[in-house]
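In the order they appear, the protein sequences are chains A and B.
Under our numbering, the first residue of the first sequence is numbered -14, with each subsequent residue one higher.
Under our numbering, the first residue of the second sequence is numbered 2, with each subsequent residue one higher.
Hints listed in this document are in silico derivations from the structure and should not be mistaken for laboratory results.
Since no wrong hints were added, every one of them can be taken at face value.
A partial selection of chain B residues facing chain A, derived with a Cβ cut-off under 10 Å: (1) Leu91; (2) Ala95; (3) Pro107; (4) Arg115.
Ideal Cβ positions, reconstructed from N, Cα and C, are used throughout, including at glycine.
If you want the building blocks of each chain, they are given just below.
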Amino acid sequence: MSIIIISSDSYPVGREIAMKTAKNLDYDFLGRESLAQIADNHTIEESKLIKAMDDGPSFLGMKKRVRNRCLAYIQEATLGALINANRVCQGLAAHLYVLGISHCLSVLVLADPEQILQQSASNKGISKKEAKKLIDRHNSFRRRWSMDAFDLDETDPSQYDLTISLSQIDADEAVKIISETITYRRFNPMTYSVKCLHDLELAARVRSALLESFPNVIVRANSGTLVVETAALKREKRKRAEAIKAVAGKIPGVEYVEVHVLNDIFRQAAESFR
Amino acid sequence: MADQLEVLLLDDEPIVGKRLKPALAKIGCNVEVFEEPAVALKRLDEKTFDVVVTDIRMDDIDGIQVLEHVREKSQRTKVIMITGYAMMALAREAMEKGAFDFIAKPFKPDDLRRVIAKAAKELGSSINFEVEMENEI
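Chain A with its partners taken away, still in its complex shape (with noise of 0.2 Å):
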């Protein structure tokens, strides 16, 4: 079960290079096609998983609570895809979430900047220069909205295994890169990555199940073990505790939950002006 997370500065060139790969190593290809079913099974329309994923938080839009929910259901059927399949993900954030697995190879491809310019001017019927303010507004954008939603920057290439520039390597050469870097014994699953692998996808899958209730859950997990960080007040703390247990503990695979309940300081502070 080998696992290629391709993310680009370009949506449809990311897309494009991970479809090929997936095709050439004849493994799967994941994308936000999988986005109807996760919408499906937690009935929330789809539209607003795609806003999750492509708008950040506003005051006017989509509320950081209901993104945060999104994403957590995107993150959750993602990683229970890539248990069990040689995949190629494209287009879900995985490169943001499935970390510290040593057998997942993550790639950036960079599209080439000149035909991004070209083709974004043309299909906008703008300058050139117009275009280019555009375009690094965008990778702004992306930079703020990785940050803001897994505290990491996705346009930073050291977050990669492999960092390739399309301006001057064409996608088949991409392609061929990929699908030979993959077969490196260091990108081999092994017993303690295939473990890590699954903690995430546990994690995922009783935060996805907490978030509604409980909105500021931090959730990790270790074969079964659960340890679960939430805040609450002083006097809600034993409550807030047992009520996550009861919900955690009901989840397939968990066999044991810990939860840590800090002072909630900022419902406190507000409570204390009263």
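Please build the complex by placing chain B on the supplied structure of chain A, with the hints as guidance.
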């Protein structure tokens, strides 16, 4: 190939060898346990083992050096790395240098038996580890 799998187990914590030796013997492994890497390396020079299970973090000689030593001596031997300090970079380094598998401590004896079963299969062992394991459950 012989019916028994020849296994060298190296860990500087005596409890590891004490617990794992009988667990591996149950599935048909002939296990030699070592706590000192230098002594284990000497033994590796004398005998070619089917499987080497080694801790990574040890004084003087670490598990990666043991892995390199085994690779120089025998391409056939399967080396399984075990460590309490598992990290992605270390796991990738071990795999790139030819480790067969990498397991994070703590683990259950069954986890190691499963990996040894996989190694035995690749070595063409006639011992049926799967059946033995199923019987135990």
